[in-house]
Amino acid sequence: MRVFSGQVPWLLQRLTALFLIAALLVICVVIFLGLLPDYSSWKAFAKSGHGATIIFVSYLAICTHAWIGARDVLLDYVKPISLRLTLLVAISLLLTATAIRLLLILGAQLPV
Amino acid sequence: MRLRIYRYDPDSDRGPHMQDYTVEPEADDRKLLDLLVRIKSFDDSLSFRRSCREGICGSDGMNINGRNGLACLTSINGLAEPVTLRPLPGLPVIRDLIVDMTQFFAHYKAIKPYLIEKAPPPDRERHQSPEEREKLDGLYECILCACCSTFCPSFWWNPDKFLGPAALLQAYRFIADSRDGATAERLDYLDDVYRLFRCRSIMNCTEVCPKGLSPSHAIEQIRQALLARSL
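Chains E and H, in that order, are what the protein sequence lines are.
Counting the first sequence from 1 gives a position; my numbering is that position plus 1170.
Counting the second sequence from 1 gives a position; my numbering is that position plus 90.
Among these hints, one or two may not hold up.
With beta-carbon atoms standing in for the labels, derived distance ranges [unchecked claim]: (1) E:1267 x H:230: 39 to 45 Å; (2) E:1247 x H:204: 56 to 62 Å; (3) E:1211 x H:156: 40 to 46 Å; (4) H:170 x E:1275: 46 to 52 Å; (5) E:1194 x H:243: 24 to 30 Å; (6) E:1257 x H:274: 53 to 59 Å; (7) H:274 x E:1210: 39 to 45 Å; (8) E:1247 x H:108: 51 to 57 Å; (9) H:205 x E:1258: 39 to 45 Å; (10) E:1258 x H:271: 34 to 40 Å; (11) E:1254 x H:314: 48 to 54 Å; (12) H:147 x E:1248: 50 to 56 Å; (13) H:167 x E:1268: 36 to 42 Å; (14) H:301 x E:1251: 35 to 41 Å.
Partial pick of chain E residues on the chain H-facing surface, computed with a CB cut under 10 Å [stated by the list, open to error]: (15) 1181; (16) 1208; (17) 1247.
Hints are computed from structural coordinates only; laboratory data are not their basis.
In this text, a Cβ means the ideal position worked out from N, Cα and C, and glycines have one as well.
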């Protein structure tokens, strides 16, 4: 598989989508079964090592999925290379900044 | 029957306009092409391509009431009036319903639409089992009318970079051919952000193909072949 192929982002977008669907289903089951019934139990989950890891990995999947989606839209609609590059970098910075912020919030709970 | 036809002559017109025609179908008129030929008999300035008049040559592709199709295969029965005819969308107009298909055929040429065999040729014919031959069904029938590619939004967005459904269907026709020896090179060429992966599975191509083929299925097969090779 070539690093700069068309297949890598295409595959990543689908894998992250599958992961997020699975995560969403788990959340639905948790809510439906009342396993985390209130705010304090969700907070405790987020503060646990497993919970923080799941939340962070899910967010990385969202960021990856969103970046590839935004890139696809920009490739289709934004033709000037400089403008396209600027927008791609801006979106990357925005997503990275939000991921770093989440990392700072969850950092103490993450196992690494 | 009322028809509203896109007219544009770059030598005399400032811009395109729609021209209305009324023509009464005669007893043996069955298809839209029959009406166009009838109009041509009294207005020879109207330009359109046609040749075989039976859905083989792919010359008379046009946009009929908002949907691409072949005039020779489109029955006049049931067509909403006025029948609005425009050139195939997304390609430069040469005149009236005639479009410049240079880009379309450049993409076709790029996928190397011929068998590439690296081994020395056999003494007699190249054998192919009935099962191997069956894999080409639904692929070799493409007549390159461009109805699919010019009805594909991805092709409209990137006509110079995205190969389009017709060229990709043809690409898979040679990937699927057991006699071809260049599958790896063909997949390498297609594994590109634009050439193949601009396809968003909108499936307009399959929806409008006048031959009932499924370019979107062929594109999916190419993606699967790429994936299988990577794994």
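Supplied distance hint 35 to 41 Å, evaluated on CB atoms of residue 301 (chain H) and residue 1251 (chain E):
38 Å, holds
* Could you see if the CB distance from residue 170 (chain H) to residue 1275 (chain E) stays within 46 to 52 Å? => With a Cβ separation near 59 Å, residue 170 (chain H) and residue 1275 (chain E) fall outside 46 to 52 Å, so the hint is violated.
| Per the hint of 51 to 57 Å, is the separation of the Cβ atoms of residue 1247 (chain E) and residue 108 (chain H) within bounds? | Since residue 1247 (chain E) and residue 108 (chain H) have Cβ atoms about 28 Å apart, the given range 51 to 57 Å is violated.
Q.
Quick check on the hint: residue 1208 (chain E) CB to chain H CB, less than 10 Å?
A. Violated, because the Cβ-Cβ distance from residue 1208 (chain E) to chain H comes to roughly 42 Å (cut-off 10 Å).
I want to verify a distance hint. Is the separation of the beta carbons of residue 274 (chain H) and residue 1210 (chain E) within 39 to 45 Å?
58 Å, violated
36 to 42 Å as the expected CB spacing between residue 1268 (chain E) and residue 167 (chain H), which holds or is violated | 59 Å, violated
Cβ separation of residue 147 (chain H) and residue 1248 (chain E), checked against the hinted range 50 to 56 Å
The hinted range 50 to 56 Å is violated for residue 147 (chain H) and residue 1248 (chain E), with Cβ atoms some 39 Å apart.
Tell me if the beta carbons of residue 1254 (chain E) and residue 314 (chain H) are separated by a distance inside 48 to 54 Å.
30 Å, violated
Kindly confirm whether 53 to 59 Å is satisfied by the beta carbon distance between residue 1257 (chain E) and residue 274 (chain H).
35 Å, violated
* So does residue 1211 (chain E) sit 40 to 46 Å from residue 156 (chain H), Cβ to Cβ? -> Distance hint for residue 1211 (chain E), residue 156 (chain H) is violated at roughly 55 Å.
message = Holds or violated: the 39 to 45 Å window for the beta-carbon distance between residue 1267 (chain E) and residue 230 (chain H)?
response = Violated - the Cβ-Cβ distance for residue 1267 (chain E) and residue 230 (chain H), about 52 Å, lies outside 39 to 45 Å.
| Regarding residue 1247 (chain E) and residue 204 (chain H), is the given constraint of 56 to 62 Å on their beta-carbon distance met? | 35 Å Cβ-Cβ, so the 56 to 62 Å window is violated.
When each numbered hint is compared with the structure, violations occur for hints 1, 2, 3, 4, 6, 7, 8, 11, 12, 13, 16.
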